[in-house]
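J.: Same order as they appear, the protein sequences are chains A and B.
If you count the first sequence from 1, you need to add 154 to reach this note's numbering.
If you count the second sequence from 1, you need to add 40 to reach this note's numbering.
Hint data in this document are derived by calculation from the structure and do not stem from the laboratory.
Hints are supplied without guarantee of correctness; some may be wrong.
Below, computed lysine-lysine pairings styled on BS3-like, alpha-carbon distance capped at 25 angstroms [what the hints assert, rightly or not]: (1) Lys194(A) with Lys1238(B); (2) Lys166(A) with Lys1054(B); (3) Lys1178(B) with Lys166(A); (4) Lys757(B) with Lys615(B); (5) Lys224(A) with Lys904(B); (6) Lys936(B) with Lys923(B); (7) Lys699(B) with Lys711(B).
Covered by chain B, according to a simulated footprint, are these stretches of chain A (three or more residues, beta-carbon under 8 angstroms) [stated by the list, open to error]: (8) 167–181; (9) 187–194; (10) 220–233.
For every residue, glycine included, the Cβ atom is placed at its ideal position computed from N, Cα and C.
Chain by chain, the residues run as shown.
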Amino acid sequence: MKKNSEGEIRVKVTEHILVPRHEVLAPEEIEEVLKRYNAKIDQFPYILSTDPVVKEIGAKPGDLIKIIRKSATAGETIFFRYVVEE
Amino acid sequence: MYLEESVKTIDSIKFTVFSPNQIRKYSVAEITTPETYDEDGIPIQGGLMDNRLGTLEPGQKCATCGNTTARCPGHYGHIELAEPVLHIAFVKVIYKLLLSICRVCGRLLISEAELESYRKRFTNECTFTPKCKEEIPKEMMAKAKKIKICPHCGKQQYEIEFTKPTIFHEITEEGGAIRLLPIAIRERFERIPDIDLKLLGFDPRSARPEWFILQVLPVPPLSVRPSITLESGIRSEDDLTHKLVDILRVNQRVRESKASGTPPLIVQDLVDLLQYHVTTYFDNEVSGIPQAHHRSGRPLKTISQRLKGKEGRFRGSLSGKRVDFSSRTVISPDPSLDISEVGVPLEVAKKVTVAEKVSSWNQGFLKNLVINGPSKYPGANYIIRPDGVKIRLDYVSDKETFANTLAPGFVVERHLMNGDIVIFNRQPSLHRMSIMAHYVKVLPFRTFRLHPAVCPPYNADFDGDEMNLHVPQSEEARSEALTLMKVQQQILSPRYGGPIIGAIRDFITAAYLLTKPETLLIKEEFSNLALAGGYNGPLPKPEINEPRELYTGIQLFSLFLPKDFNYTMTSKWTKSSGKGASVRDIMIKDGKLLSGSIDRAAIGAEEPDSVLHRIAKDYGIDVARNFLNSILSILKSFITKYGFSYGYDGLILDEEAKKMIDNEIKNSYRKIKESIDQFNQGTLKTVRGLSLEETLEFYIVNELAGARDRVGRTADKAFPLDNSGVVMARTGARGSSLNIGQMTAALGQQSVRGKRIEKGYHGRALSHFSLWDRTPDAKGFIRSNYRDGLNPTEFFFHAIGGREGLVDTAVRTQQSGYMQRRLINALEHLKVEYDLTVRDPFGNIVEFLYGEDGVDPAKSDHGKAVNVEHLVEIEALVNKSEKPVEEKQLEKIVNKYEGQLNIKLIQDLKASLLKIPLNVSGNKNVCRKVVEQLDRATIEPGEACGVVAAQSIGEPGTQMTLRTFHFAGVKERDVTLGLPRLIELVDARKQPSTPSMDIYLDDEHRSSEESALKIAKEILLTKVSDLVGYSEISYGERGYEINLFLDQEALQERDSSPEQIVKAISLKSGKRKVEVDEEGAISVTMEGADFSTLSVLKDKIMSMRVKGVPGIDHITIIKKGDEWMMQTAGSNLAKVLKIPGVDLSHTTTNNIYEIETALGIEAARAAHIKEIMSTLDEQGLEVDIRHILLVADLMTSKGFFQSIGRHGIAGQKPSVLARAAFEITVPTLVEASVKGEVEELKGVTENVIVGLPIPVGTGMIDLFMKSDKSD
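The task is simple: from the sequences and hints, build the whole structure.
T.: Have a look at this one:
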């Protein structure tokens, strides 16, 4: 739990059970992912730059975020989202 | 017949607006006179029926193209309007443009520098700004609207006033309103430069704004507005023709009056009339102007009405195709058919035909058919010669000689025959099993016959249902039907991965009666029944030899099980006798039924994890079909001979049971009377959160529900186990023990909206009761049963309750139907690609691996990719091991498969293999089989997973209850459930109708109720009104003042102080003064305020927040496990998470939008899936999670929640036709033409509309060629 300048509690959203792990991909990794799915980056699902998790992990528009979700069918699964401006 | 034209396929469609010049160019005739025909009935040249516009009568030739009706496409004419008028569809666009451009120079009212920056943003190649790019035109228009002086020419701008539907005024500085005539608007629009238009989202080459003002009106060809000749010989013209006549008349008058120098005011009136007629010609439902009517009083159906709505051009004519070779009649059951057969009446078989090409192999066969001709079955109706000439055999007199001319290359349209494949369908087609391929069996009489076991997928019964039959005409169609649509291929439903076809009703009764241990058969019976099932092996040894040879029914059943089949499960009988699901009474080993009776749980329809399901999964669909066919036909023969009936005598209870029932009810009545007395005396103890009256009601309802259950059980127990009703209820064949109770004991409480019946008269439900009578009898409790009959008041109550059921069903079908339509529309274009990603036709990724594990729910094992546990059990039987593998070695074996199997399967494998230890080869075998089965369960590329998902969620919607409210654990907290909640979720509403939170507490606070209560007080919203006992406005020396007298008890309960209230009121107080006097009363004064201002202020103060979280209206503290937590009514996640003491990682809400803003899109997606699943679970409906994942992934794919419907996904589709066909037809077309949009025909609806194969499934296959890069 962190407090901001006014002493108000700042909620750390990534600690919530509903929030899966988000990771910003490095440019080489993006290249690799794009090749694997044979798609342009704007064909990936989006995530808004104003999304609380994006803000918390400090991702910028143009980044690709790798999301490691818990899955009811596969145990764990990987998803990608492309950070876009709102 | 061959077409002379070369075959062309539509590549794309561009939408544009015609310029006046284009209209003139495409016109073949200028229409000038309102007269249509002369006295001889000949069309007048230059009239609306001018023969240059096309022809109507078959013999006639078109004056333009020389073709007859069949070939002439029709040609446009035009009308030169005497005065320009506005096109009603573009009025909104015109208004927006007027607001944002300069009235003098026509430039956008934004400075050049800013324009330049917008232009840069517009052309910016950056791909991470898709959302804000769309916003540019809107943003600019909003900005331009406010600017008063043109930054380009420096001229003053005036306000524009728009009077709906077509009048614009300019408000000049001097205060005068000057009418902006269409001609003036046109002039302004001509000055707008192309570069500015482009910024506003217009395509100036497709649509210059001045074209929105009509100078020339196109006149549609005759084929668009054909006139019809009535029987009396009177010609009746089309609505459009009528409207065009009106336009021409007024147009003529305007022209004449202009020429003759009539005062401008009168001319303007005429022009307005012309505007009215042109407006109604395009759209006769514009608000603000009267509708144009036909002579008979019926409103005219003009262009907009032709396109719009369910019966309009888009949905009615273009998306809905009509077909030949189809048939419809009533259905009736025939259990002697194969489940994959359909009985077709002879009459139908002689009408719908199959085109068969003559070859040397079938020449003789077809010759005989031709000789038989159309009337003798089996025969043929038509012959198509190789030169394309079609000969109707009715007209051939000497068929014998004619048949001899038959040679290879001819096509014979022969009658439908046994073994042909046909497609059978029952509406509403809610899921893919509503349309299946059957083999034809031609039968006498006039109904379609189908096996009762295929009723569940069609949702058919035989109370007069009709079904449709289609005969595929091409080899491709037939082979697709055979490989994809056969009944046995649909046994396993994609909704939950279990069988949807299986035994129903009497088959289940029969199965139980046959396989109960007491059933013995003599040799003749046994062999007869075995033969009925198609058994042709040796007879087994009889179970009993003395005094005579007797076989058991169990032996008979076992004959048809696969020889190496092993399975254990719980029968429905055991489950419903309350022995619990842990007893696995049905045991099958090596294809022999060892114990337990077969009933619904084993072979029933819609029963996953049953014997039938296992056979279908482990041995394949054809074995399952044969098994079902054999078993069902045995059961049919068996129960026919055995005899089974249920009647009045099956409902008679013994005296003792009757007495018990009577006593039970009397007892409850007595208890209730006591409570009512207590209530009247005021001594009734209230339940927390309920008022006194609610408490009484709550108590009575509970007591009566309990009484009904108890008497039902008493009755149920009183019947012997061989009572037909009990047999049916316990085996799951039909009915429930509740039904038996209602028939023999008491019907129970009738309800309206979940409450006892109250309405009717003032203070009472029926006039037979006294005012405010709260006794069970007066409020709809029925203590009689169906056997003895109801007394008159009970009868009325029963009718009231029954009516609610009927209304509910009617409303529900509508709501769920619409939800299904929206779901299908939103998801139809999604398909699985070759890399198992799910994408839309533009290549946008929705899911990276279908269902997160790539498994097709229809091929899954009740949702699981592979049923590992079952595999291990089977392996253990085959591979009995003395040397079980140690855990370490097991890990090593399993871990080798990590690359091929997902985490869940690896975990499942380890767990199952640990539970049942196997040796090394056994372990390896299991692992290998898992990989193999996973491969088989993997979804196929091209699968229309979107449609399947939409159907799998939409279809159960029809079965949901509409009941909105339901107690969910806590009494104070009503939560919306069922269909309304599901609709709310797919709508992605920002505010659910019953928001609610689950608040968990951190380590310090969760252990005791006191600490939980302390936090609850911080969270619960406390308003001033909650703490004030009495308030007034008094007049004293300081003028009027508000006096608030605090409620001390409330203060304590809410843990707040007067200071807090003062602080709350003083916040942003401005002129008011707040003081506290010695007694703790608060007074508020405001200088110079009169009574009425203070009265308003008082109300405002009362609703002010003192403490707590806004939105949280109610909190209940409950103990969950050994921790304390809270459930609330009202929700505010972001604020609650900021309260100290709240567990930040577990606290959730059912308001998905709040989760989205507070925790992000991924958390919202997870919560959304959870909510949908729990809504469906609560209703007892099984839907595979993969379908819901897909819906959630699609809804969140743009980074924020898009709703399923016109405001969300359907409205954002790139395809113009798909959008137009969904809901907002006309505005969509207008927008498309203004922007010059191009329809690329990549989705499903678009291709259906233009008549091309759809790009999913088998339609996805296409030829690609690598082109040389240098080209």
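J.: What hints, given by number in increasing order, does this structure fail?
T.: none
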